[in-house]
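Engineer: With the hints as extra help, turn the sequences into a complete structure.
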Amino acid sequence: MTDDSVSRSARGVYGISVTSELSGVGSQTLRLYERRGLLTPSRTDGGTRRYSDEDLERLKRITELVDQGVNLAGIAHILDLETKNSQLESNYTQLEVPQRQPQGRSTTAAPGRNAAPKERGQDSGHGRRRRNS
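What the sequence shown shows, in the numbering used here, is residues 18 to 150, in sequence order.
I should point out that these hints are in silico values taken from the structure, not numbers from a laboratory. There may be inaccurate statements among the hints.
For each label pair, taking beta carbons as the anchor points, the in silico distance ranges come out as [to be verified]:
1. V114 / G32: 38 to 44 Å
2. E38 / V114: 37 to 43 Å
3. D84 / P115: 37 to 43 Å
4. E81 / L112: 19 to 25 Å
5. T80 / K101: 19 to 25 Å
6. R60 / V114: 33 to 39 Å
7. A90 / S59: 22 to 28 Å
8. D62 / E113: 38 to 44 Å
9. R52 / D84: 17 to 23 Å
10. G41 / V114: 36 to 42 Å
Cβ coordinates follow ideal geometry from the N, Cα and C atoms, glycine included.
Structural biologist: Now the structure itself:
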């Protein structure tokens with residue numbers, strides 16, 4: 018898989034034994050994580066698992082959570098929430114950037130700036146009030 022549109026970090030390049038060595042997680046545990054849906058390595062045409070740099074980062078996060086005593090079901094839920102949170106932050110940033118204006122330039126007028134000038138004698142709401150007699 019040498020498609021340039023797939024970033025190197027997302028491309029599966031490591032076999033299960035290399036991934037096991039790099040991560041310190043046993044091969045059987047990697048298979049278990051895959052069965053539980055925590056990892057989804059790519060596959061070659063022959064069915065061999067290929068782990069990417071992104072998979073290694075995810076595996077590092079899984080290991081941190083296991084070390085904190087979180088069970089696999091909890092880890093799946095946490096990872097799902099973290100993924101959704103990242104997506105929401107990305108969406109927010111995409112929406113926020115076009116709305117930003119260069120500093121010092123505002124598209125909205127300050128309150129009262131564009132109001133028509135008041136004529137003399139008009140009640141401005143300040144000062145004396147008429148008494149109803």
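Engineer: A separate judgement is required for each hint: does it hold in the structure or not?
Structural biologist: So, going through the hints one by one against the coordinates:
1. V114 / G32: 38 to 44 Å: At 40 Å between Cβs, range holds.
2. E38 / V114: 37 to 43 Å: 41 Å, holds
3. D84 / P115: 37 to 43 Å: Cβ of D84 to Cβ of P115: about 42 Å, so the range 37 to 43 Å holds.
4. E81 / L112: 19 to 25 Å: 31 Å, violated
5. T80 / K101: 19 to 25 Å: Since the Cβ atoms of T80 and K101 sit about 21 Å apart, the hinted range of 19 to 25 Å holds.
6. R60 / V114: 33 to 39 Å: 37 Å, holds
7. A90 / S59: 22 to 28 Å: 25 Å, holds
8. D62 / E113: 38 to 44 Å: 43 Å, holds
9. R52 / D84: 17 to 23 Å: 21 Å, holds
10. G41 / V114: 36 to 42 Å: The hinted range 36 to 42 Å holds for G41 and V114, with Cβ atoms some 40 Å apart.
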